[in-house]
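Given chain A's structure and the hints, the job is docking chain B onto it.
Chains as they are written, first to last, in UniProt numbering: chain A, 1 to 332; chain B, 1 to 332.
Hints are not guaranteed to be accurate.
[To be verified] Away from chain B, derived, C-beta distances all over 10 Å, residues of chain A: (1) Trp-73; (2) Arg-78; (3) Ala-107; (4) Leu-109; (5) Leu-112; (6) Glu-128; (7) Ala-161; (8) Thr-167; (9) Glu-169; (10) Arg-192; (11) Trp-296.
[Claimed, not checked] Facing chain A, according to a computed beta carbon distance under 8 Å, are these residues of chain B, among others: (12) Leu-205; (13) Thr-253; (14) Val-257; (15) Ala-275; (16) Ala-279.
[As the list claims (entries may be wrong)] Distance windows between CB atoms, simulated: (17) A/Arg-165 <-> B/Glu-245: 51 to 61 Å; (18) A/Leu-72 <-> B/Val-266: 45 to 55 Å; (19) B/Arg-262 <-> A/Gly-27: 55 to 65 Å.
These aren't lab readings, by the way, just hints derived from the structure by calculation. For every residue, glycine included, the Cβ atom is placed at its ideal position computed from N, Cα and C.
Single-letter residue listing:
There are 2 protein chains.
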Amino acid sequence: MPLTTRVTVLGGGVIGLSVAWRAACAGFAVQVVDHASPHGGSRVAGGMLAPVTEAWPGDEEVLRLGVESLELWPGFARDLGVDLSPVGTLAVAVDRADAEVLDRLCAYLGTLGRSATRLTGRELRALEPGLGQVRSGLSVPGDVAVDNRALLDALRGAAGAAGVRFTTEPGEADVTVIAAGAWSRDLHPALRHVIRPVKGEILRLAARPGALPPPRHTIRAHVSGRPVYLVPRRDGFVLGATQYEAGFDGDVTVGGVRDLLRDAEVVWPGIAEYALVEAAAGFRAGSPDNAPVIGWLEPGVLAATGHHRNGLLLAPVTARRVVDLLREGGTS
Amino acid sequence: MPLTTRVTVLGGGVIGLSVAWRAACAGFAVQVVDHASPHGGSRVAGGMLAPVTEAWPGDEEVLRLGVESLELWPGFARDLGVDLSPVGTLAVAVDRADAEVLDRLCAYLGTLGRSATRLTGRELRALEPGLGQVRSGLSVPGDVAVDNRALLDALRGAAGAAGVRFTTEPGEADVTVIAAGAWSRDLHPALRHVIRPVKGEILRLAARPGALPPPRHTIRAHVSGRPVYLVPRRDGFVLGATQYEAGFDGDVTVGGVRDLLRDAEVVWPGIAEYALVEAAAGFRAGSPDNAPVIGWLEPGVLAATGHHRNGLLLAPVTARRVVDLLREGGTS
Numbered sequence: 001m002p003l004t005t006r007v008t009v010l011g012g013g014v015i016g017l018s019v020a021w022r023a024a025c026a027g028f029a030v031q032v033v034d035h036a037s038p039h040g041g042s043r044v045a046g047g048m049l050a051p052v053t054e055a056w057p058g059d060e061e062v063l064r065l066g067v068e069s070l071e072l073w074p075g076f077a078r079d080l081g082v083d084l085s086p087v088g089t090l091a092v093a094v095d096r097a098d099a100e101v102l103d104r105l106c107a108y109l110g111t112l113g114r115s116a117t118r119l120t121g122r123e124l125r126a127l128e129p130g131l132g133q134v135r136s137g138l139s140v141p142g143d144v145a146v147d148n149r150a151l152l153d154a155l156r157g158a159a160g161a162a163g164v165r166f167t168t169e170p171g172e173a174d175v176t177v178i179a180a181g182a183w184s185r186d187l188h189p190a191l192r193h194v195i196r197p198v199k200g201e202i203l204r205l206a207a208r209p210g211a212l213p214p215p216r217h218t219i220r221a222h223v224s225g226r227p228v229y230l231v232p233r234r235d236g237f238v239l240g241a242t243q244y245e246a247g248f249d250g251d252v253t254v255g256g257v258r259d260l261l262r263d264a265e266v267v268w269p270g271i272a273e274y275a276l277v278e279a280a281a282g283f284r285a286g287s288p289d290n291a292p293v294i295g296w297l298e299p300g301v302l303a304a305t306g307h308h309r310n311g312l313l314l315a316p317v318t319a320r321r322v323v324d325l326l327r328e329g330g331t332s
Numbered sequence: 001m002p003l004t005t006r007v008t009v010l011g012g013g014v015i016g017l018s019v020a021w022r023a024a025c026a027g028f029a030v031q032v033v034d035h036a037s038p039h040g041g042s043r044v045a046g047g048m049l050a051p052v053t054e055a056w057p058g059d060e061e062v063l064r065l066g067v068e069s070l071e072l073w074p075g076f077a078r079d080l081g082v083d084l085s086p087v088g089t090l091a092v093a094v095d096r097a098d099a100e101v102l103d104r105l106c107a108y109l110g111t112l113g114r115s116a117t118r119l120t121g122r123e124l125r126a127l128e129p130g131l132g133q134v135r136s137g138l139s140v141p142g143d144v145a146v147d148n149r150a151l152l153d154a155l156r157g158a159a160g161a162a163g164v165r166f167t168t169e170p171g172e173a174d175v176t177v178i179a180a181g182a183w184s185r186d187l188h189p190a191l192r193h194v195i196r197p198v199k200g201e202i203l204r205l206a207a208r209p210g211a212l213p214p215p216r217h218t219i220r221a222h223v224s225g226r227p228v229y230l231v232p233r234r235d236g237f238v239l240g241a242t243q244y245e246a247g248f249d250g251d252v253t254v255g256g257v258r259d260l261l262r263d264a265e266v267v268w269p270g271i272a273e274y275a276l277v278e279a280a281a282g283f284r285a286g287s288p289d290n291a292p293v294i295g296w297l298e299p300g301v302l303a304a305t306g307h308h309r310n311g312l313l314l315a316p317v318t319a320r321r322v323v324d325l326l327r328e329g330g331t332s
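Only chain A is shown next, with the shape it has when bound in the complex:
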């Protein structure tokens, strides 16, 4: 082995770039192999860093990992020169059943010592006057957001500045890190039946002159049983996300767009006056237990995939773990 370990990272999404950047900073010679799919899960995303709002009894391991990663985020963002949206998340209830779910989530979070506050509809509209007819909600100030595309740009810049080379064909390497999101399943037999693509569609909306300004908080709700979120951006918001188990089908469907617009309009009636700037479909990397796969698959081959809806949130902790594994130099 040469003095400097050569690491090839397969994948140029948020996980691959974070691993490459941090590994290069730690002294490894890193190249990233990236095919820059327009359907990459971290490109087609809302950018929520929301372990608490995503929490649910039984998923304690994912919550613990998410909280650990969220604690790394301020430093991670500062090193990259990326801003975190400082305003938290409002989970809102449209009907009585939703309100009961929020009651249970709030009680559960209390047992974990996590901060979350129940709000009335009136209190919600005092915070976000553009909300529609919502019954009540849950304020989670710690669940913040990041502009995922600004983040990807910053990661590429920081990785390049740290000496990472970008290529479309892998060269010789001492260690290969498989961080190709949903496509990882085709890169190693051990991932073949573990990782699967979970399709999601998002829309990007921009405020127009005369339109109500976008929400300050991330807004989450369920409408007709479907989850919907609005994540603020500088001039509008990202509206997501559908979820399908449909293989690598990259089409944006009429049904998906219709449902997203219909559901969002219940929560935020002012969207009709917004511009529809983009409609996109991406693939999350699903895993059997919704937890990521981070570890050695065989000597010289590491996996860092299976992050499902939490790739952006879990990028800092994943990069740290992978760099630790590279430093140990073990293989299993």
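Just chain B, lined up with the frame of chain A:
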């Protein structure tokens, strides 16, 4: 004046290109000044050649001109190597009020000697099994369609082959033809208060594996008072169109997309399984009486604009009239 009259056509949409092509074929030295806006009315269009379905008592002049142009279309298309969709139009009624409107339209067309047949809902679904719950309809076999973008490509090719030069800055000319659609109003004082942009949004939908195939006919309806049309393309259809008096606002709005999808789903429920390939906004060139402005504005300056919803339909007759005016060489 040189032996060959130099003609500058301002505008590279269907009117400008048709005029330029036919003028070059007639021996004029032609250049087209084109800024290739993505919002051009003939690029963002369904491609209906439908004078009869568009007819309404009081608009006899527009109908007469449309019928005259439609008779020129087969030869025009043949010269360009462009196919006309040979299947006609079905205007369908969703409710009783619509059905009464179709009764009146059918009677009116009868007085003009135009062919149109009333159909029951059952007869309609025998022709188009994908139709939703429609009460009745009107079959207009003569109202056909053309792929507007294939047409624009063919026109550019034919114009170039006939010697037309394309530029972004006008050179010296003996005659200038203002054929810039809605933008024409800024090109001559006489058009300033005559031509106005009428914004319209369209969607392009593509059939996906397992989806119902697209309709064979052009389908037109009114839903909740809004007009909606589905114009078949090889692998899907164009869904249009909203209509706003909103100046040169090129945004695709959430409200427009929502309404188009909602209305189309009433008429053609299978669209949910289609892919949303494109959403676009364009500007029709509105005129006070919905009839085009074709004629001399001053010595050396001709207008060919104000075609509103009928630019594609009226392209052959407009080109013929402009070439006649150029040949006469008069100025008023």
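Each hint tested on the structure:
1. Non-interface status of A/Trp-73 relative to chain B is upheld: no Cβ of that chain comes within 10 Å, the nearest being about 31 Å off.
2. Against the 10 Å criterion, A/Arg-78 stays outside the reach of chain B, whose nearest CB is about 35 Å from its own CB.
3. At roughly 36 Å from the closest C-beta of chain B, the C-beta of A/Ala-107 stays outside 10 Å, upholding its exclusion from the interface.
4. No Cβ of chain B comes within 10 Å of the Cβ of A/Leu-109; the nearest lies about 33 Å off, and the non-interface call holds.
5. For A/Leu-112, the shortest C-beta to C-beta distance to chain B comes to about 38 Å, beyond the 10 Å cut-off, and the non-interface label holds.
6. The claim that A/Glu-128 lies off the interface holds: its Cβ sits roughly 18 Å from the closest Cβ of chain B, which is beyond the 10 Å cut-off.
7. Interface exclusion of A/Ala-161 from chain B stands, the closest Cβ pair being 36 Å apart, more than 10 Å.
8. No beta-carbon of chain B is positioned within 10 Å of the beta-carbon of A/Thr-167; the least distance is around 32 Å.
9. For A/Glu-169, the condition that its CB be more than 10 Å from all CB atoms of chain B holds, with the nearest at approximately 31 Å.
10. Once the 10 Å rule is applied to beta carbons, A/Arg-192 is consistent with being away from chain B; the minimum gap is 24 Å.
11. With a cut of 10 Å on Cβ distances, A/Trp-296 stays outside the contact zone with chain B, its closest approach being about 39 Å.
12. Interface hint at B/Leu-205: satisfied, since its Cβ lies 6 Å from the closest Cβ of chain A, which is below the 8 Å cut-off.
13. For B/Thr-253, the interface hint holds, since its Cβ comes within 8 Å of a Cβ in chain A; the closest pair sits about 6 Å apart.
14. Evaluation of the B/Val-257 hint against chain A yields a held restraint, the C-beta minimum of about 5 Å falling below 8 Å.
15. With a cut of 8 Å, the hint placing B/Ala-275 at the interface with chain A holds, because the nearest CB-to-CB distance is about 4 Å.
16. A distance limit of 8 Å between C-beta atoms decides the matter here; for B/Ala-279 the minimum to chain A is near 6 Å, and the interface restraint holds.
17. For A/Arg-165 and B/Glu-245, the Cβ-Cβ distance of about 55 Å falls inside the hinted range of 51 to 61 Å, so the restraint holds.
18. A hinted range of 45 to 55 Å for the beta carbons of A/Leu-72 and B/Val-266 is consistent with their spacing of about 50 Å.
19. Checked against the given bound of 55 to 65 Å, the beta carbons of B/Arg-262 and A/Gly-27, roughly 58 Å apart, stay inside it.
In summary, the structure agrees with every hint in the numbered list given earlier.
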